[in-house]
Amino acid sequence: MLNLDAGISAPDEFYAALIDAHRGLTMAESARVNARLILLLANQIGDVAVLRAALLRARDGVAGSAAPERRPDTP
Amino acid sequence: MVAEAPGVAFGYVRSADQGAPRPVRHRLVVVGAGPVGLAAAIDLGQRGVPVVLLDQDASLSEGSRAICFAKRTLEIFDRLGCGGEVAERGVSWNTGRVFFRDRELYHFDLLAEAGHHRPAFVNIQQYHVEASLLARARALGGIDIRWQHRVTAVAQDDDGVMLTVATPEGEYRLGCDWLLAADGSRSTVRTALGHTSRGQVFRDRFLIADVRMQAPFPAERWFWFDPPFHPGQSVLLHRQPEDIWRIDFQLGWDADPAAERTPERVVPRVRALLGADVPFELVWVSVYTFACQRMARFRDRRVLFAGDAAHGVSPFGARGANSGVQDADNLAWKLALVLDGAAPARLLDSYCDEREFAADENIRAATASTDFITPKSEISRIFRDAVLELAATCPFARPLVNSGRLSVPSCYAASPLNTPDGDDFTAAMAPGSPAADAPVRVAGVPAWLLDHVGGAFTLLCFGAVPAHLPDLNLTLRRVVVAPHDGTAPSGWQALEEDGTLSARCDARPGTVYLLRPDQHVAARWRAFDAARLAAAVQRATATVAELCAC
Ligand SMILES: Cc1cc2nc3c(=O)[nH]c(=O)nc-3n(C[C@H](O)[C@H](O)[C@H](O)COP(=O)(O)OP(=O)(O)OC[C@H]3O[C@@H](n4cnc5c(N)ncnc54)[C@H](O)[C@@H]3O)c2cc1C
Chain A
212 MLNLDAGISA
222 PDEFYAALID
232 AHRGLTMAES
242 ARVNARLILL
252 LANQIGDVAV
262 LRAALLRARD
272 GVAGSAAPER
282 RPDTP
Chain B
2 MVAEAPGVAF
12 GYVRSADQGA
22 PRPVRHRLVV
32 VGAGPVGLAA
42 AIDLGQRGVP
52 VVLLDQDASL
62 SEGSRAICFA
72 KRTLEIFDRL
82 GCGGEVAERG
92 VSWNTGRVFF
102 RDRELYHFDL
112 LAEAGHHRPA
122 FVNIQQYHVE
132 ASLLARARAL
142 GGIDIRWQHR
152 VTAVAQDDDG
162 VMLTVATPEG
172 EYRLGCDWLL
182 AADGSRSTVR
192 TALGHTSRGQ
202 VFRDRFLIAD
212 VRMQAPFPAE
222 RWFWFDPPFH
232 PGQSVLLHRQ
242 PEDIWRIDFQ
252 LGWDADPAAE
262 RTPERVVPRV
272 RALLGADVPF
282 ELVWVSVYTF
292 ACQRMARFRD
302 RRVLFAGDAA
312 HGVSPFGARG
322 ANSGVQDADN
332 LAWKLALVLD
342 GAAPARLLDS
352 YCDEREFAAD
362 ENIRAATAST
372 DFITPKSEIS
382 RIFRDAVLEL
392 AATCPFARPL
402 VNSGRLSVPS
412 CYAASPLNTP
422 DGDDFTAAMA
432 PGSPAADAPV
442 RVAGVPAWLL
452 DHVGGAFTLL
462 CFGAVPAHLP
472 DLNLTLRRVV
482 VAPHDGTAPS
492 GWQALEEDGT
502 LSARCDARPG
512 TVYLLRPDQH
522 VAARWRAFDA
532 ARLAAAVQRA
542 TATVAELCAC
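Residue numbers (my numbering), protein chains in the order written: chain A, 212 to 286; chain B, 2 to 551.
Because the hints were derived from the structure by calculation, they are not lab data. Heads up, some of the hints might be wrong.
What the hints assert, rightly or not - Some but not every residue of chain A turned toward chain B, in silico, with C-beta under 10 Å: (1) 215; (2) 218; (3) 220; (4) 228; (5) 237; (6) 243; (7) 249; (8) 251.
As the list claims (entries may be wrong) - Quick list of the computed label-pair ranges, beta carbon to beta carbon: (9) 345/B - 216/A: 57 to 63 Å; (10) 290/B - 274/A: 27 to 33 Å; (11) 241/A - 298/B: 46 to 52 Å; (12) 218/B - 217/A: 54 to 60 Å; (13) 89/B - 213/A: 50 to 56 Å; (14) 257/A - 345/B: 31 to 37 Å; (15) 219/B - 219/A: 47 to 53 Å; (16) 276/B - 219/A: 49 to 55 Å; (17) 262/A - 232/B: 46 to 52 Å; (18) 267/A - 174/B: 43 to 49 Å; (19) 262/A - 257/B: 40 to 46 Å; (20) 415/B - 267/A: 46 to 52 Å; (21) 113/B - 235/A: 41 to 47 Å.
Model, not experiment: these values are computed from the prediction. Using N, Cα and C, we set each Cβ at its ideal position, and we do this for glycine too.
Please build the complete structure, drawing on both the sequences and the hints.
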């Protein structure tokens, strides 16, 4: 079950650290940092059901709707 | 390009059918003498079914195609009578290593436990495998192999199938009750009947270079992501017999296939990997693209589709020929029972249920590997590289690295042929799974379980032999493991064991397994019961009137 209630012990500290982690990086470098961060956090969570719920929630409202099915029949 | 022909060619021979005033009708025709058609023909031939096997060519598979043959395929070949030859000729391997840039990320062992006859894989050229199958088919007799007989048209009605076959001497027509289409990815039979194989074509190209050399690499699968000698792309190295090595270079979609095949391009790529001072000789070069696709249904009335004709996968994972041989393994016993009138034709629908499920599993695995090796967007490349970078130091990231999920047999867990567990068992060897091998002894002599089960339905009893068996209307192979008094009654094969077999089967004294002719588990119980056995056999042969498709 994806927890949407407040769960981070020191919100301001975490947020500042998150922004700090990207200080001085280009968008491309930030994308690399984010990718690693997501993988590290995903492993910490572990439960694929929770991760799927988080992925859905994260995508919600972006570019319209839910993730499309895999492209079928691409020539 | 230096092509090494396998050196085996077969002449065209005229068949008596060609002069017949009306089309001769056979019970079963197999189209395609590739690994799948040959395996099916042998399996059916061993069951006494006369087979006509047609192939448009007059030689074995040319050049370099499949090289990795999986444990399960070798076990099936053992049952077909040529597993030993293939295994001995091939290079056995169990270990894969994954490299990223200039360092090793991790390695994996595909067969971590002892006590199996066959290794996780042997590498051997497809034409050697086909040669072994062909020799076996010929020795068996009853298989009418017709080279240079090319199927050009197919028509069927409820009653049978009619083929048009082109030969160097012109066309003739041939009828059959059942047709097995094992005619490869460009299947004529599939097209002739209006079917297609649908899926995804990958926008990437791969160069296959088979080189002969004396090299210090071990018999392992080595896979590099972004190595210094081939930056930005992947490379795969495999050892084959006869000092031949397969090197597979990812080229990207924009590569020019014709130019990339030339020695001027290939030799420097190989040198970059090997170093300037390693002498080598190019044996075969080709450039491939890959697709993952399958037919919607593997049966169309009296025509069954198997192997590449029915489905295709990208090669990372070696699931093409391996899954095709499992198709043959699944289909042959069912077709033989239907041809004998011992089971209704709907048993063949279970071939579709089971092997379409397997094809989906293989396509999912191969697609996931291909997506990892060839990321399709910038963000997927970023995640892919993040996984690789983390994997060097963080064990958690290693299972996410996907250089190919290597072929394992499918477990038909949801098959309508299974009798679900009623008694308390561990998950391993559940109904639908292929039987795991185990070391056994026959009168003190070391042997393997899988050489003593399958072919026919097999009753595998632990400890006790049932007092009497129900009348089953089909042959039942009877095997007892560690009988109480050390001997088995006549008609029973006694096996001794060291505990490995019992552990793999979660067996206690009294436990009984019913194995199908393809060695998959149909049912298992803690105690023998004649009525339950009879019901399980009926279910596994689709002879129960109302089969619930659960
Ligand atoms: C580069 C490469 C590497 C691969 N590596 C592996 C691997 O390591 N492991 C693995 O398991 N798989 C691998 N594969 C896949 C494997 O080669 C195929 O899955 C396998 O050959 C399929 O066998 P088949 O019998 O279904 O079809 P095929 O081998 O294609 O045989 C079909 C036969 O049908 C005949 N035929 C076709 N049309 C007609 C007609 N109209 N009339 C009569 N005869 C006809 C052909 O002559 C041919 O003999 C690889 C493939 C490639 C290209």
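Residue 217/A and residue 218/B - C-beta distance against the hinted 54 to 60 Å: This hint holds: roughly 55 Å between Cβ atoms.
Pairwise beta carbon distance, residue 276/B to residue 219/A, judged against the given window 49 to 55 Å: Between residue 276/B and residue 219/A, where Cβ atoms are some 53 Å apart, the hint holds.
When the least beta-carbon distance from residue 249/A to chain B is tested against 10 Å, hint result: holds, 8 Å
Verdict for residue 241/A, residue 298/B (Cβ pair) under range 46 to 52 Å: holds, 48 Å
Range agreement (Cβ of residue 267/A with Cβ of residue 415/B, hint 46 to 52 Å): violated, 27 Å
Status of the hint placing residue 228/A at chain B (closest C-beta pair under 10 Å): Check failed: Cβ of residue 228/A comes no nearer than 19 Å to chain B, outside 10 Å.
Hint check: 10 Å Cβ-Cβ cutoff, residue 218/A to chain B: Residue 218/A check fails; min Cβ-Cβ to chain B is 22 Å, beyond 10 Å.
Minimum beta-carbon distance criterion (10 Å), residue 251/A to chain B: holds, 7 Å
Status of the hint placing residue 215/A at chain B (closest C-beta pair under 10 Å): violated, 25 Å
Hint validity - residue 237/A Cβ closer than 10 Å to any chain B Cβ: Violated. Min distance 13 Å.
Proposed interface contact between residue 243/A and chain B, which counts if any beta carbon pair is under 10 Å: holds, 6 Å
Range agreement (Cβ of residue 213/A with Cβ of residue 89/B, hint 50 to 56 Å): Hint holds: Cβ distance 55 Å, inside 50 to 56 Å.
Of the numbered hints stated above, those contradicted by the structure are hints 1, 2, 3, 4, 5, 14, 17, 18 and 20, listed in ascending order.
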